[in-house]
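Enquirer: Converting from the sequence shown to the numbering used here requires adding 448 to each position, the first position being numbered 1.
These are calculated hints, taken from the structure and not from any lab test. Among the clues, some could well be false.
[Unchecked claim] Computed spacing ranges between beta-carbons, pair by pair:
#, residue 1, residue 2, range
1, A1096, T558, 53 to 61 Å
2, G625, D1070, 23 to 31 Å
3, D892, G625, 35 to 43 Å
4, R804, R543, 49 to 57 Å
[As the list claims (entries may be wrong)] Below, a list of computed lysine-lysine pairs in the DSSO-like style, where the Cα atoms sit at most 30 Å apart:
#, residue 1, residue 2
5, K937, K603
6, K1116, K471
7, K1116, K1083
8, K754, K603
9, K1222, K1108
10, K1270, K1255
11, K520, K937
12, K1222, K1262
13, K1270, K1146
14, K636, K520
15, K638, K603
16, K603, K645
17, K603, K741
18, K603, K1112
19, K645, K1005
20, K603, K564
21, K1047, K1083
22, K564, K1083
23, K1083, K1033
Note that the Cβ used here is the ideal one computed from N, Cα and C, for glycine as well.
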Amino acid sequence: MSQEPGQYDKVQAQEKWQAFWEKDETFRPLDDGSRERRYVLDMFPYPSGDLHMGHAEAYAMGDVLARYWRLKGYDVMHPIGWDSFGLPAENAAIRADSHPSDWTYANIETQVRSFKRYGLSLDWSRRLHTSDEDYYRWTQWLFLRFFERGLAYRKDSYVNWCPQDQTVLANEQVVNGHCERCGAEVTKRKLNQWYFKITDYAQQLLDDMSQLEGGWPEHVLAMQRNWIGRSEGAHVDFTVQGREEPITVFTTRPDTLFGATFMVVAPDSDLAQELVSDEQREAFDAYLTEVKKTTEIERQSTEHVKTGVWLGRSATNPVNGEQIPIWAADYVLADYGTGAIMAVPAHDQRDLDFARAYDLPVRMVIDVDGTDPAETGVATSGDGAYVNSGLLDGLSDKASGVAKITGQLESEGRGTGTVQFRLRDWLLSRQRYWGCPIPIVHCDVDGEVPVPDDQLPVRLPMLRGQELAPKGTSPLASATDWVQTTCPKCGGPARRDTDTMDTFVDSSWYFFRYCSPGFEGGPFDSAAVARWMPVDQYVGGVEHAILHLLYMRFFTKVLRDLGMVDFDEPMLRLLNQGQVINQGKAMSKSLGNGVDLGKQIDEFGVDAVRLTMIFAGPPEDDIDWADMSPASSLKFLQRAYRLASDVASPVGIDFASGDKDLRKATHKAITEVSTLLDSGRFNVAVARTMELVNAARKTIDGAAGAADPAVREAVMFVAQSLSLVAPYVAEEMWAAIGLPPSIANSQWPVADASLTVDDTATMVVQIQGKIRAKLEVAADITEEAALELALADDGVQRSLDGREVIKVIARLPKMLSLVPGK
């Protein structure tokens, strides 16, 4: 379609500049030490199909900063790669009777074309895929380093199991009791699984958040703190008749021990299996079957109706010698703490609800507000006077009560003060094919034996189609020729581990690999990491606020302890972009409200779509595409381009002789846009650029005309500012005013301070706190001159009503406050 005079051809511009950037390697960093480095990183995509509207927003945000920092003179690394292992590829291969790599790499190439079309300033020389052998070789190498340090281990445990996908699910992958991917009802299954011992780093993960304050959104830090869940309290031992070892429970309120009237253990724990009496075995087994049908998230819900069964055993309360019954109940989890709790129903609502349901005793031991929970049904919490509490009676200070009872327990050998975390170890086993194989062999003689480094990678065997179908175990188990191997330690027969790693493992270290792609001496070159990291800006969705961000922080700390990096935190700043919705709801096929990114680009062009995304609001806010107008964005971009086509002054002209008002507008814009970009207010920066476009057009259409040097200066900055959000039109503008490509190689201007100061200002005159006049005054007005002008104003005189001014408070040139006499 032909363009009107003075318009840029959005399709031709896209093709032209994509080719130029690729041939010129415009966005490949120098990495020669000549400039200060900046590392901008986007959370890398999963190749599930072509790019969608969410990608369009997220990657536009990161590109703004990458391009801005480049213009500011930094050597910028802005890499791209793909998180390319995962279940969707495996399911697609089963349906298509193909190999997961076919679907994966075809989708990657589709996304590559879209990323390039979208005009992102990416360094393609650093491209990686986590499913490439030269990547997962190093994922396995890192696993072995964790294994050597005791940070990777196996244990039997109940896990969320999807019967359709036939694999373990993390708690976060279970939604309302169903698999988030396929919708099947999730069950519980006991499996021997691999874990990373992230709990060893729980305190460090908490403490080091102080390094992230101000750089990460506070709500993300709060989510991580809550997930880690540090609690101070005590381990308390309860003896059980006929059992040699006591049952140890963790409590944050050991001062309430006198109110412990029963004990609860997790029904799916080994402890419950051990404690249940023969008489109660049948009832317990039936109850456990029902518990396995619920998820841990559901069991912890405050709305969940708590159920349980008596185990036919009792324990001794260590502070008063009372025999208290032991129950199994679903609101206690096997993997939290010791899997057992002391129940103090008067002061814990969950315990009280359970006690009332099963007619168990309720004893108040802290008088908080004079009410008895046994009568009201409402548990009381907080400080108060201790009652029914033996040695604590007469005290009313919680800290003193906790210290006294803890000291008593420790002196009697019945307990110790301790710290507990809600965080549990990272379950990383997956019973699927398309993932990184775990580099361990199992030998009947030597047990778990690591694969030697020089035998890495342990490659995936070639399975496809129905060979990948769920069978209750990992598809790798059916590859008998692959499974059967030789023990590296004794040379005898051994079996490969048939689980693959959670893809969160792959994404916990990819940002290190970008620093030295292709490095053969390890997962990364430590010297290159020292040059580029920590990452200066990380951009991605808030849905990863807990697991991914927590896991990558954990990995970094382990790598630090291995001597491979010299910092504690991998990402200095984090930007969570909002969601792109439509008609008030998340886009989905079922709602029929999806918006096709490709069609939007075809109709309006990349620049208009990117500009619409950035201008819609603050980066963290959701964007409702139904309220957006890419057509209006395109009209604005054409207006901006016409400025460039109108410029009539020559390249290299001295701007000093240009129109003063436009020069002032330009230099104010430089200052304000820079400040706004530095603070992440990208949408307001665009608004300031739009204002400068209007000011430049006014000068061109006025007496000064297009030949005025100030017009060229203004248009140059408009183009540079727009290059951050609309790179194609910016390149066209730069070329139209006779400047060499690429605008990405230009230098961000420095504002002339003398041109950012206003000549005049509006001075507010107040009398007794009330505004009586607003006067236009010189910006450098003296107090004497300001008072003279104020007293000459009729409104001020009427307000003074003949009274003498006895005090003047001046905040010039903005404010003058007069205090009259009586």
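Enquirer: Look at each hint and say if it fits the structure.
Expert: Hints, verified against the model:
Checked against the given bound of 53 to 61 Å, the beta carbons of A1096 and T558, roughly 45 Å apart, lie outside it. For G625 paired with D1070, a C-beta distance near 27 Å keeps the hint of 23 to 31 Å intact. At roughly 40 Å, the beta-carbon separation of D892 and G625 lies within the given 35 to 43 Å, and the hint holds. The beta-carbon spacing between R804 and R543, approximately 51 Å, falls within the hinted interval of 49 to 57 Å.
For the hint linking K937 to K603, the alpha-carbon distance of about 22 Å falls within 30 Å, and the restraint holds. Simply put, K1116 and K471 have alpha-carbon atoms about 36 Å apart, too far for the 30 Å limit, and the pair is violated. The straight-line distance between the Cα atoms of K1116 and K1083 is roughly 25 Å, inside the 30 Å bound, and the hint therefore holds. As the CA atoms of K754 and K603 are separated by approximately 28 Å, the hinted pair is consistent with the 30 Å bound.
Among the hinted pairs, K1222 with K1108 is consistent with the structure: their alpha-carbon atoms are about 25 Å apart, no more than 30 Å. Of the supplied pair hints, the one linking K1270 and K1255 holds, its CA atoms being roughly 12 Å apart against a limit of 30 Å. A C-alpha spacing of about 56 Å is found between K520 and K937, which places the hinted pair above 30 Å, so the restraint is violated. A C-alpha spacing of about 9 Å is found between K1222 and K1262, which places the hinted pair at or below 30 Å, so the restraint holds.
Between K1270 and K1146 the CA atoms are separated by roughly 52 Å; this puts the pair beyond 30 Å, and the hint is violated. Of the supplied pair hints, the one linking K636 and K520 is violated, its CA atoms being roughly 55 Å apart against a limit of 30 Å. A threshold of 30 Å between alpha carbons decides the hint, and for K638 with K603 the separation of about 10 Å falls inside it, so the pair holds. For a cut-off of 30 Å, the pair hint linking K603 to K645 stands: about 12 Å separates their Cα positions.
Taken as a hint, the K603 and K741 pair is honoured in the structure, with Cα atoms around 22 Å apart against an allowance of 30 Å. Between K603 and K1112, the direct Cα distance comes to roughly 69 Å. Violation of the 30 Å bound is thereby established for this hinted pair. Distance hint between K645 and K1005 is fulfilled; the C-alpha atoms sit about 12 Å from each other, no more than 30 Å. At most 30 Å may separate the alpha-carbon atoms for a hinted pair to count; K603 and K564 exceed this at roughly 46 Å.
A threshold of 30 Å between alpha carbons decides the hint, and for K1047 with K1083 the separation of about 18 Å falls inside it, so the pair holds. For the given pair, K564 sits about 24 Å from K1083 by alpha-carbon distance, which is consistent with the 30 Å threshold. A threshold of 30 Å between alpha carbons decides the hint, and for K1083 with K1033 the separation of about 28 Å falls inside it, so the pair holds.
In this structure, the earlier hints numbered 1, 6, 11, 13, 14, 18 and 20 are contradicted, and the remaining ones agree with it.
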